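Listed below are the residues making up each chain.
Protein chains: 2
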Amino acid sequence: MDLNTVKSIYRSTADYANKEVTLGGWIRTMRVSKNFGFIELNDGSFFKNIQIVFEADTLSNYAEITKLGVGAAIIVKGLLVETPEAKQPFEVKAQEIAIEGTSTPDYPLQKKRHSVEFLRQIAYLRPRTNMFSATFRVRSLIAYAIHQFFQDKGFVYAHTPIITGSDCEGAGEMFRVTTLDLNNLPKKEDGTVDFSKDFFGKETNLTVSGQLSAETFAMAFRNVYTFGPTFRAENSNTARHAAEFWMIEPEMAFADLEDNMEVAEEMLKYIIQYVLDNAPEEMEFFNSFVDKGLLDRLHNILNNDFGRVTYTEAVDLLIKSGKKFEYPVSWGIDLQTEHERYLTEEIFKKPVFVTDYPKDIKAFYMRMNDDNKTVAAMDLLVPGVGEIIGGSQREERLELLEKRMDELGLKKEDYWWYLDLRKYGGTRHSGYGLGFERAVMYLTGMSNIRDVLPYPRTVKNAEF
Amino acid sequence: MDLNTVKSIYRSTADYANKEVTLGGWIRTMRVSKNFGFIELNDGSFFKNIQIVFEADTLSNYAEITKLGVGAAIIVKGLLVETPEAKQPFEVKAQEIAIEGTSTPDYPLQKKRHSVEFLRQIAYLRPRTNMFSATFRVRSLIAYAIHQFFQDKGFVYAHTPIITGSDCEGAGEMFRVTTLDLNNLPKKEDGTVDFSKDFFGKETNLTVSGQLSAETFAMAFRNVYTFGPTFRAENSNTARHAAEFWMIEPEMAFADLEDNMEVAEEMLKYIIQYVLDNAPEEMEFFNSFVDKGLLDRLHNILNNDFGRVTYTEAVDLLIKSGKKFEYPVSWGIDLQTEHERYLTEEIFKKPVFVTDYPKDIKAFYMRMNDDNKTVAAMDLLVPGVGEIIGGSQREERLELLEKRMDELGLKKEDYWWYLDLRKYGGTRHSGYGLGFERAVMYLTGMSNIRDVLPYPRTVKNAEF
Chain A
20 MDLNTVKSIY
30 RSTADYANKE
40 VTLGGWIRTM
50 RVSKNFGFIE
60 LNDGSFFKNI
70 QIVFEADTLS
80 NYAEITKLGV
90 GAAIIVKGLL
100 VETPEAKQPF
110 EVKAQEIAIE
120 GTSTPDYPLQ
130 KKRHSVEFLR
140 QIAYLRPRTN
150 MFSATFRVRS
160 LIAYAIHQFF
170 QDKGFVYAHT
180 PIITGSDCEG
190 AGEMFRVTTL
200 DLNNLPKKED
210 GTVDFSKDFF
220 GKETNLTVSG
230 QLSAETFAMA
240 FRNVYTFGPT
250 FRAENSNTAR
260 HAAEFWMIEP
270 EMAFADLEDN
280 MEVAEEMLKY
290 IIQYVLDNAP
300 EEMEFFNSFV
310 DKGLLDRLHN
320 ILNNDFGRVT
330 YTEAVDLLIK
340 SGKKFEYPVS
350 WGIDLQTEHE
360 RYLTEEIFKK
370 PVFVTDYPKD
380 IKAFYMRMND
390 DNKTVAAMDL
400 LVPGVGEIIG
410 GSQREERLEL
420 LEKRMDELGL
430 KKEDYWWYLD
440 LRKYGGTRHS
450 GYGLGFERAV
460 MYLTGMSNIR
470 DVLPYPRTVK
480 NAEF
Chain B
20 MDLNTVKSIY
30 RSTADYANKE
40 VTLGGWIRTM
50 RVSKNFGFIE
60 LNDGSFFKNI
70 QIVFEADTLS
80 NYAEITKLGV
90 GAAIIVKGLL
100 VETPEAKQPF
110 EVKAQEIAIE
120 GTSTPDYPLQ
130 KKRHSVEFLR
140 QIAYLRPRTN
150 MFSATFRVRS
160 LIAYAIHQFF
170 QDKGFVYAHT
180 PIITGSDCEG
190 AGEMFRVTTL
200 DLNNLPKKED
210 GTVDFSKDFF
220 GKETNLTVSG
230 QLSAETFAMA
240 FRNVYTFGPT
250 FRAENSNTAR
260 HAAEFWMIEP
270 EMAFADLEDN
280 MEVAEEMLKY
290 IIQYVLDNAP
300 EEMEFFNSFV
310 DKGLLDRLHN
320 ILNNDFGRVT
330 YTEAVDLLIK
340 SGKKFEYPVS
350 WGIDLQTEHE
360 RYLTEEIFKK
370 PVFVTDYPKD
380 IKAFYMRMND
390 DNKTVAAMDL
400 LVPGVGEIIG
410 GSQREERLEL
420 LEKRMDELGL
430 KKEDYWWYLD
440 LRKYGGTRHS
450 GYGLGFERAV
460 MYLTGMSNIR
470 DVLPYPRTVK
480 NAEF
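Quick mapping for you: the protein sequence lines, in order, are chains A and B.
Just so we're on the same page, the working numbering is the position in the first sequence counted from 1, plus 19.
Just so we're on the same page, the working numbering is the position in the second sequence counted from 1, plus 19.
No lab work stands behind these hints: they were computed from the structure.
There's no promise every hint is true.
Ranges between beta-carbon positions, derived for each pair [stated by the list, open to error]: (1) Leu98(A) with Asp171(B): 24 to 34 Å; (2) Ser31(A) with Lys112(B): 50 to 60 Å; (3) Glu83(B) with Glu345(A): 50 to 60 Å; (4) Gln292(A) with Arg416(B): 38 to 48 Å; (5) Glu39(B) with Gln355(A): 22 to 32 Å; (6) Gln107(A) with Ser466(B): 50 to 60 Å; (7) Asn254(B) with Glu345(A): 49 to 59 Å.
PhoX-like cross-link-like pairs, simulated, lysine-lysine; straight-line CA separation at most 25 Å [unchecked claim]: (8) Lys442(A) with Lys67(B); (9) Lys206(A) with Lys131(B); (10) Lys206(B) with Lys207(A); (11) Lys442(B) with Lys67(A); (12) Lys288(B) with Lys172(B); (13) Lys172(B) with Lys67(A); (14) Lys207(A) with Lys479(B); (15) Lys172(B) with Lys26(A); (16) Lys207(A) with Lys207(B); (17) Lys172(B) with Lys172(A); (18) Lys216(A) with Lys479(B); (19) Lys172(A) with Lys216(A); (20) Lys479(A) with Lys216(B); (21) Lys479(A) with Lys86(B); (22) Lys479(A) with Lys311(B); (23) Lys206(A) with Lys392(B); (24) Lys67(A) with Lys26(A); (25) Lys26(B) with Lys112(B); (26) Lys206(B) with Lys216(A); (27) Lys381(A) with Lys479(A); (28) Lys221(A) with Lys221(B); (29) Lys442(B) with Lys130(A); (30) Lys172(A) with Lys26(B); (31) Lys442(A) with Lys130(B); (32) Lys130(A) with Lys53(A); (33) Lys431(B) with Lys392(B); (34) Lys86(B) with Lys442(A); (35) Lys112(B) with Lys86(B); (36) Lys442(B) with Lys479(B); (37) Lys479(A) with Lys479(B); (38) Lys207(A) with Lys221(A); (39) Lys479(B) with Lys430(A); (40) Lys430(B) with Lys442(B).
Since the model is a prediction, treat every value here as computed from it, not as a measurement.
A virtual CB, placed ideally from N, CA and C, is assigned to each residue, including glycine.
Using the sequences provided together with the hints, build the complete structure.
The following block contains the structure:
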């Protein structure tokens, strides 16, 4: 259908004033009297509603319209009239209203405040509320901003595989993928499951990271990124963990840890600027109703260089602070969220990169520093969240990488192609991972990962 | 590192002429004599190589450089000199060459022609060849063009779930997702597997389509699209089937079948124009070495309106053609690739939408036409491929949808939220699915889906 959009009316009001418009949308609220009524219509194109005024004298189906329930879909033809004296800047004086789809009285989103917990139970309807309309529109814009940022820089988007034939990514517990009939499993002579009969002829899992694959592409295209779903089968029932989430993993050849941090900082500022520019109404909503300090915090990020501190310095700062933490601080510990937040919120009061972590708390592929104790890792900590990005320079020296794998008991034959990259024109290279949902939470102030995923998958929950 | 890129030198040569440049890249070929040598360097930023000239008089490490193998990584500092008389438009006269990473003599990509079958076995290296460098760069550009197309129109990108709690999407065989220990399965009293002990507390699978979820978002945002991985556990060992592939599924409220076709046609033309504009060198390569008619075919599409024909008319045309098909044609059959290609290649000689298919060969959710025999479906057929897009107007009338589900024996309680959409302000709506890899094949001329996926997953194959 040829419809005007509420968004374009808001953005270019002068083009529409005193002209006929046709809108299709859903009734958010309606007030009626004997001779006229008001509808708040949302057409999906825009966060805000538009007011429709309709009169018994004009509409032959006036009585029928007044009986429509909240949520009903209508098509309105009418005149756009500016109303500078009123609360809303303009309204549509309806000439015709056609009923596209009615709504029954049990429609769950009647006009009142609903808890996010209730809305999770009706996740298929919650995008029709202000909070989730804003969240999922901003989520979409952040995704696009990320693509735009990397594509404008010439990065190649690599679709690394979701089903993986090895469990050697090592970033967490995995989900098995199989077509075997679990009630009738093929067995080997020793009684164990015969995975040679499975779809792929071997055991397969859902990926926990595309990084190792991305490195193969970086050695051809120099700058690449992934953006796809990743999975963790961890029994973590927290506000920050989901079993299925999306991740962005840039990987850059000829890039060291410093280059890595520069790209991460530029990217984060780019997506913040993008949503401020492209979703001002939604961001204003979040700032008013979800997280009062949000806009200040985001502007603070845009206007400041991120801090840099080594892990060793950070541990000293935490100890010297005298602050009592639940987990005591000493060199060698993995920083907890409480430590991360104290560093970024209290000490630096802005985002800060912590670098050069002890090798024992970081992954095998991170590049060994000359001290032989720390690796060229970097985590970006941000106020309100803690860690949002984790990355490193990768170990490009074959002997050192093999030595580290031996120390950790990793089977080198499982990584033959990864090791080969170091034999065939390997370069210094770096990359990081951005948890997409964490970024959405950070930019919107939404505090539970279940509320930034359309249909979250968590322990004991795969509804819809 | 601060490096110049070969791409920007090609695109803005005048800015670099007679200036010092620094490049990092990989040696594709090298020719050496006693006093000077030539390197074809590829830096990953661009399809084409750049020629490096280096001399014994200039380089202190000349001997070492001449011993580098194909594939080695180097950093070159030198003067960009235009060479209008030579084959290549410019070259770099090296002042310094630093060795970033050597390459061993067993490097598999020595200068000779390799079969695609061989290259599949070294999928981690094939992006370093011309053919796969072109393929994966164009793949990345198509992905971005799709986002750009929909975002510019205000569509919201919805990340529909990958792990699904129901098998009711009905589009094909599914992969099971589980964390149960297959060698020690929990059992119920009746001896069958107790899925209440599984991670999600029930049986879960990998999605075959995001459409039903996308419909829920379309009823809030009007225009939405998905772009994510989908899975089919079908034992199809063909050049067109992969177990894991990416799909784009727009879904539009207030849109009928005609609107649906208009968006599909506009989208396909948009992405073709985008790759022609942004990857002219790669497209020229495909046209010369992969598919001689490619550019003609793509321009033909840009310059013509797509055909429209009903299924019933199409069947008549096929019968009247007198052509002998392997599968005989009669009203009611599902069109085979041979029929589809004959229609688009021989009869229409351009892309053609076939509409209004018999209800019995289409999915339950497609909108019943008034004849009660056909549904408001559309498939887009393109020369060289056959079906590339499949879509429909969706049945928005609750009674008709329920009737159809009853006829097909589908359990309505599994679809409660999908049916609810028809109760709560349901609108006419339409959408389609574009198989991303099919689109990449179509735009590049690459004929095997294994060669447009970074690491293809097919029957008995999940390598890398």
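Hint-by-hint comparison with the structure:
1. Remark: the range hint 24 to 34 Å for Leu98(A) to Asp171(B) is upheld by a beta-carbon distance near 29 Å.
2. Between Ser31(A) and Lys112(B) the C-beta distance comes to about 55 Å, which sits within the given range of 50 to 60 Å.
3. About 56 Å separates the C-beta atoms of Glu83(B) and Glu345(A), a value consistent with the hinted range of 50 to 60 Å.
4. At about 45 Å, the beta-carbon gap between Gln292(A) and Arg416(B) stays in the expected band of 38 to 48 Å.
5. Glu39(B) and Gln355(A) have their C-beta atoms about 49 Å apart, which leaves the hinted 22 to 32 Å range violated.
6. Range check, Gln107(A) to Ser466(B): Cβ separation about 57 Å, and the 50 to 60 Å hint holds.
7. A beta carbon spacing of about 53 Å between Asn254(B) and Glu345(A) agrees with the range 49 to 59 Å that was offered as a hint.
8. Under the criterion of a C-alpha separation no larger than 25 Å, the hint pairing Lys442(A) with Lys67(B) is consistent with the structure, at around 24 Å.
9. The suggested pairing of Lys206(A) with Lys131(B) is violated, with an alpha-carbon distance near 45 Å, which exceeds 25 Å.
10. For the given pair, Lys206(B) sits about 20 Å from Lys207(A) by alpha-carbon distance, which is consistent with the 25 Å threshold.
11. The straight-line distance between the Cα atoms of Lys442(B) and Lys67(A) is roughly 24 Å, inside the 25 Å bound, and the hint therefore holds.
12. For the proposed pair Lys288(B) and Lys172(B), the alpha carbon gap of about 15 Å is at most 25 Å, so the pair holds.
13. A C-alpha spacing of about 18 Å is found between Lys172(B) and Lys67(A), which places the hinted pair at or below 25 Å, so the restraint holds.
14. Taking the CA atoms of Lys207(A) and Lys479(B), the gap is about 18 Å. The hint holds against a cut of 25 Å.
15. For the given pair, Lys172(B) sits about 11 Å from Lys26(A) by alpha-carbon distance, which is consistent with the 25 Å threshold.
16. Our distance criterion of 25 Å between C-alpha atoms is met by Lys207(A) and Lys207(B), whose separation comes to about 24 Å.
17. Of the pairs offered as hints, the one joining Lys172(B) and Lys172(A) holds, with about 23 Å between alpha carbons and a cut-off of 25 Å not exceeded.
18. The hinted pair formed by Lys216(A) and Lys479(B) meets the criterion: a straight-line CA distance of about 9 Å does not exceed 25 Å.
19. Proposed proximity of Lys172(A) and Lys216(A) is contradicted: the alpha carbons are some 45 Å apart, above 25 Å.
20. Restraint check for Lys479(A) and Lys216(B): satisfied, since their Cα atoms lie roughly 9 Å apart, inside the 25 Å limit.
21. At roughly 59 Å between alpha-carbon atoms, Lys479(A) and Lys86(B) are farther apart than 25 Å, so this suggested pair is violated.
22. A threshold of 25 Å between alpha carbons decides the hint, and for Lys479(A) with Lys311(B) the separation of about 54 Å lies outside it, so the pair is violated.
23. This hinted pair does not check out: Lys206(A) and Lys392(B) have alpha carbons roughly 48 Å apart, beyond 25 Å.
24. This hinted pair checks out: Lys67(A) and Lys26(A) have alpha carbons roughly 8 Å apart, not beyond 25 Å.
25. Distance check on the hinted pair: Lys26(B) and Lys112(B) sit about 18 Å apart at the alpha-carbon level, within 25 Å; holds.
26. Of the pairs offered as hints, the one joining Lys206(B) and Lys216(A) holds, with about 22 Å between alpha carbons and a cut-off of 25 Å not exceeded.
27. The suggested pairing of Lys381(A) with Lys479(A) is violated, with an alpha-carbon distance near 30 Å, which exceeds 25 Å.
28. Taking the CA atoms of Lys221(A) and Lys221(B), the gap is about 24 Å. The hint holds against a cut of 25 Å.
29. Straight-line distance between C-alpha atoms of Lys442(B) and Lys130(A) comes to about 18 Å, which keeps the hinted pair within the 25 Å bound.
30. Using a Cα cut-off of 25 Å, the hinted pair Lys172(A) and Lys26(B) holds, with the two alpha carbons roughly 11 Å apart.
31. For the proposed pair Lys442(A) and Lys130(B), the alpha carbon gap of about 18 Å is at most 25 Å, so the pair holds.
32. For the hint pairing Lys130(A) with Lys53(A), the CA-to-CA distance comes to about 22 Å; that is within 25 Å, so the pair holds.
33. For a cut-off of 25 Å, the pair hint linking Lys431(B) to Lys392(B) stands: about 22 Å separates their Cα positions.
34. A threshold of 25 Å between alpha carbons decides the hint, and for Lys86(B) with Lys442(A) the separation of about 15 Å falls inside it, so the pair holds.
35. Among the hinted pairs, Lys112(B) with Lys86(B) is consistent with the structure: their alpha-carbon atoms are about 19 Å apart, no more than 25 Å.
36. Annotation: proposed proximity of Lys442(B) to Lys479(B) is violated, straight-line Cα distance about 45 Å (limit 25 Å).
37. With a C-alpha separation of about 31 Å, the suggested pair Lys479(A) and Lys479(B) falls outside the 25 Å cut-off, and the hint is violated.
38. For a cut-off of 25 Å, the pair hint linking Lys207(A) to Lys221(A) stands: about 13 Å separates their Cα positions.
39. With a CA separation close to 23 Å, the supplied pair Lys479(B) and Lys430(A) stays within the 25 Å bound.
40. Distance check on the hinted pair: Lys430(B) and Lys442(B) sit about 18 Å apart at the alpha-carbon level, within 25 Å; holds.
When held up to the earlier numbered hints, the structure conflicts with 5, 9, 19, 21, 22, 23, 27, 36, 37 and fits the remainder.
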